[in-house]
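Student: Chains as they are written, first to last, in this note's numbering: chain A, 1377 to 1671; chain B, 1377 to 1671; chain C, 1377 to 1671; chain D, 1377 to 1671.
Simulated from the structure, these hints should not be mistaken for lab results.
Careful, some of the hints might be misleading.
Copies of the same chain look alike in the list, so a pair counts if it fits in one copy or across any two.
Said to hold, decoys possible - Derived DMTMM-like pairs (lysine to aspartate or glutamate); straight-line CA-CA distance at most 25 Å:
#1 K1509 <-> E1586
#2 K1455 <-> E1666
#3 K1378 <-> E1423
#4 K1509 <-> D1625
There are 4 protein chains.
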Amino acid sequence: MKTKAGFVGLGAMGLPIARNLLAAGFAVRAHNRTVARAAPLVAEGAELASSPADTVATDGVVVTMLADDVALREVVTGKDGIGNKLGRGGVHVSMSTIGPATARALAALHAERGTAYVAAPVFGRPEAAAAKKLWVCVSGPTAARTRVRPLLEAIGQGIHDFGEEPHAANVVKLAGNFLIMSAMEAIAESQTLGEKHRIDRAQLASFFGETIFGCPIYQNYGRIIANKVYEPAGFRLALGLKDTNLVLDAAEEVHVPMPLASLMRDRFLSGVARGRAGMDWSAIARAVSEEAGLE
Amino acid sequence: MKTKAGFVGLGAMGLPIARNLLAAGFAVRAHNRTVARAAPLVAEGAELASSPADTVATDGVVVTMLADDVALREVVTGKDGIGNKLGRGGVHVSMSTIGPATARALAALHAERGTAYVAAPVFGRPEAAAAKKLWVCVSGPTAARTRVRPLLEAIGQGIHDFGEEPHAANVVKLAGNFLIMSAMEAIAESQTLGEKHRIDRAQLASFFGETIFGCPIYQNYGRIIANKVYEPAGFRLALGLKDTNLVLDAAEEVHVPMPLASLMRDRFLSGVARGRAGMDWSAIARAVSEEAGLE
Amino acid sequence: MKTKAGFVGLGAMGLPIARNLLAAGFAVRAHNRTVARAAPLVAEGAELASSPADTVATDGVVVTMLADDVALREVVTGKDGIGNKLGRGGVHVSMSTIGPATARALAALHAERGTAYVAAPVFGRPEAAAAKKLWVCVSGPTAARTRVRPLLEAIGQGIHDFGEEPHAANVVKLAGNFLIMSAMEAIAESQTLGEKHRIDRAQLASFFGETIFGCPIYQNYGRIIANKVYEPAGFRLALGLKDTNLVLDAAEEVHVPMPLASLMRDRFLSGVARGRAGMDWSAIARAVSEEAGLE
Amino acid sequence: MKTKAGFVGLGAMGLPIARNLLAAGFAVRAHNRTVARAAPLVAEGAELASSPADTVATDGVVVTMLADDVALREVVTGKDGIGNKLGRGGVHVSMSTIGPATARALAALHAERGTAYVAAPVFGRPEAAAAKKLWVCVSGPTAARTRVRPLLEAIGQGIHDFGEEPHAANVVKLAGNFLIMSAMEAIAESQTLGEKHRIDRAQLASFFGETIFGCPIYQNYGRIIANKVYEPAGFRLALGLKDTNLVLDAAEEVHVPMPLASLMRDRFLSGVARGRAGMDWSAIARAVSEEAGLE
């Protein structure tokens, strides 16, 4: 018999992830606020749930992939939320990018009910999700982590375990997004320096991407920033601002000044102020060019 | 008959590079201010030159690998410099990390004498130099670049050609060092955030180094900064300050604000102020920890 | 007959302000969470109220001076809050340093009840409050502003009117605190530069305070930062962090990057991380010295 | 008999200063590279000198007010410079804004010749110079300082003595210019915050200028930045960049990180990149507005 899995949130990331669960043999029962988004998944065999609570099967495992902390809290604690429906022994696998305070609060709520919060945020763009190439970070109670491992193996190319604490994997995700945005800033500054010294931006990008920075982040963003084409967005600049605020809030909580994160916040905020909220977050590179008198 | 090559500057990088030239069959005639440094090279078959000028053979190719712009200018234009000795058609292959203004000034000096300045800075630490694993950027007059190509192939794993302009490869080198120091700052901030959320720094480093940042810079500096061991230095913090000033000067010349480079300059300057000039340049991570109340 | 005035919040600022109201002939009915704090005021003729709601007299004017947005919201909307007690035509004079979003939210709550929110934050330390030397910024509905003017005249040396919008005076207060903290950073950097060039910090401070910066902020903080004595606190560093966050939140709301405010946030956050939360907020100058290798 | 004074440099500041010397009864012998600039001074009784050296009278006191370190070095050490002409006991009163390294180098050159370098930079715009309202900082050998005091009294409203060291007064001048530019940044950020919250910039400026920041710098720049009128320039933005570099160089010399000065350097550099070199230096406020999506 198939293992059951509830799924809430069929956005750009959620949909391909849910598809991979289906493909791997899970019986998926899914909910999305905009019902139409669920159609392709249902066509592939998923059941449609009328609410987050309605995704919960007897097996008691529900995956959520939502836009932000507020949406996630609502899906857990709202009237038709999964919180009261999961049932003792149930597991909530949370893949959203959220702050550690929310993670701990949800973990506490679950603990009261005898259910478990497992943080399982992922790294990778929608194409990577579709290709089962995500990197998954996981943390939470050991038994629950062990139980959902097959599910996580069905959606990614590698699982990295950060232990018992509910917030740990969420902090790792924030750290990663911070590393990515920092690399974008460095790339943008270096290419602008190069451009004004009459060096081809694309050549600069490919040189570093082929040598000392031979990794996806530098290769992809090096190319995007060299080409200066920021639409359509792979990850929206407005989300970059949201994530930077999560990083800074997580840092404030434990009293860590992060001047580079502060710089990035100003970059994203300026991007939003200048009407670039819907562009790719790497569009912060435009401000670097503008400050140098280009564009 | 062997191709001849003069060589000036047998420091941590120069010595292994010169050795590889010898090993590849070049007749190397080398000079170093501190003569003792030349001993191992002479033992392997190099000739000892009494001055920079004295390294110049009839073939008229001299490689320089020196500490800074001032040292390089002296080696070219000084009393016993190579400038007047090279002879029409001679080529000066400059591997030092210098500013574009110096590059252009030297190129102009050479052009007056009918000799050529070829910029050929390299990426890689001393171990990489020894292993013939350097990445070489090259720019300068086409004929000269073509002529010295076999020499560059003898010392690295790949040559990237940035065209005719004398300063181009030097700017690429500065851009690269800026990218590296920026990555160090981002790594340090992310690890400090992690540490204060009780996440193991080493695990954080290895996660990113194995996944989205799977490239040498993040792997090596991720590990060093996780371990907080900054001695002995691979590249001295004082040199980090020097290079950041070269970056900022190159940026000022073409009117490019680089706020992240400004941040790095303050980091290195503070490192020097606190007695860390001789540590590895990644020791800027200590300030990140200190500002968060650690250490 | 005396004009009546309710008063909530008898802290370092609230107490001397309430005393000046008493001295000016107002019948003050005051509440403070810690009752003992009210004793001196009662000794001078004030009535003691058992709750915020209990401070409301038939005249329907209540002044609040509270620690933060959360405390203020509770005093207005809590079970024993002033909100439902004020009565149609009542006026809430809010002197706390709060964010514009809270100001607008409270103004809306009051408007629903037919009462008015008047923002009246003040500039000045406790000594200035005692000496009736505060500067008062005011904004809110015209009729309400006009009505409470005598009350504001009783506590300060000048009233500046910022019009109808509820949040306006609150934003001015945040802007002012931001200007002060920025001046502290500039003073600290300039004095550290001077000190390491063997110039006396105190002489530097007095020179600028007597000439081009002949105003209280530069005179007072110039002297404090020159002397490096940060205890006892005039205004606690932890409150500096709180206010900087209010500034940044107010800026984010309208999409204004404030890099200098971001720098100050990092300074205050680092101060808290290093155990200086209870020192005067000018103790951020210590980090400037430390980064220069002093102390 | 009149006391004689040589004078080199009749720019926007030099000319009114030289006039005040004339008015105070000094016999002024003046030189300016562009001779026409000297006409008004000659009309008022000054003698015209054909070179810097030619300004030196038997009394051996020469005042210089020049554009930068390079121009000043040339006027002292150049072929027709004052260096060899001053004669034992002569005094060079240097009013230019220069770096401490240049100050010490010139002091050493003078000491070798038995002449003295007295640093006497001034604070104030051209109007203040004309009105004899400058603030003068002075440092250098005691006897020389004492000797030139009457001269300094003739041009300003107050003299502040910073002792024996040649560079001291020059560092004070740099510290002051840094304080001014920092205030401009803070003013610009606070006004942009206010504007986007629908608060009148001019009212904000006048409020602070009349209360806690009741001093010339905040009053003048508060008004200029509120009005957003940056031409004609009182002090050119390009000079702001030059001075910020002097500040940062002076700080680097003694290992002092100055993050706020680094921020200002990026502001000025961006201003130059965007074609604002000839505007008033307060035009850095435009970038603050632009980053917030205004303009």
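Student: When no copy is specified for K1509 and D1625, does a C-alpha distance of 25 Å or less occur within a copy, between copies, both, or neither?
Tutor: neither (29 Å within a copy, 37 Å between copies)
Student: When no copy is specified for K1455 and E1666, does a C-alpha distance of 25 Å or less occur within a copy, between copies, both, or neither?
Tutor: neither (48 Å within a copy, 45 Å between copies)
Student: How do K1509 and E1586 come out at 25 Å by Cα distance, when the copy is not named: within, between, both, or neither?
Tutor: Answer is both; intra-copy 21 Å and inter-copy 13 Å each pass.
Student: For the identical chains here, do K1378 and E1423 meet the 25 Å Cα criterion within one copy, between copies, both, or neither?
Tutor: within (13 Å within a copy, 73 Å between copies)
Of the numbered hints listed earlier, those contradicted by the structure are 2 and 4.
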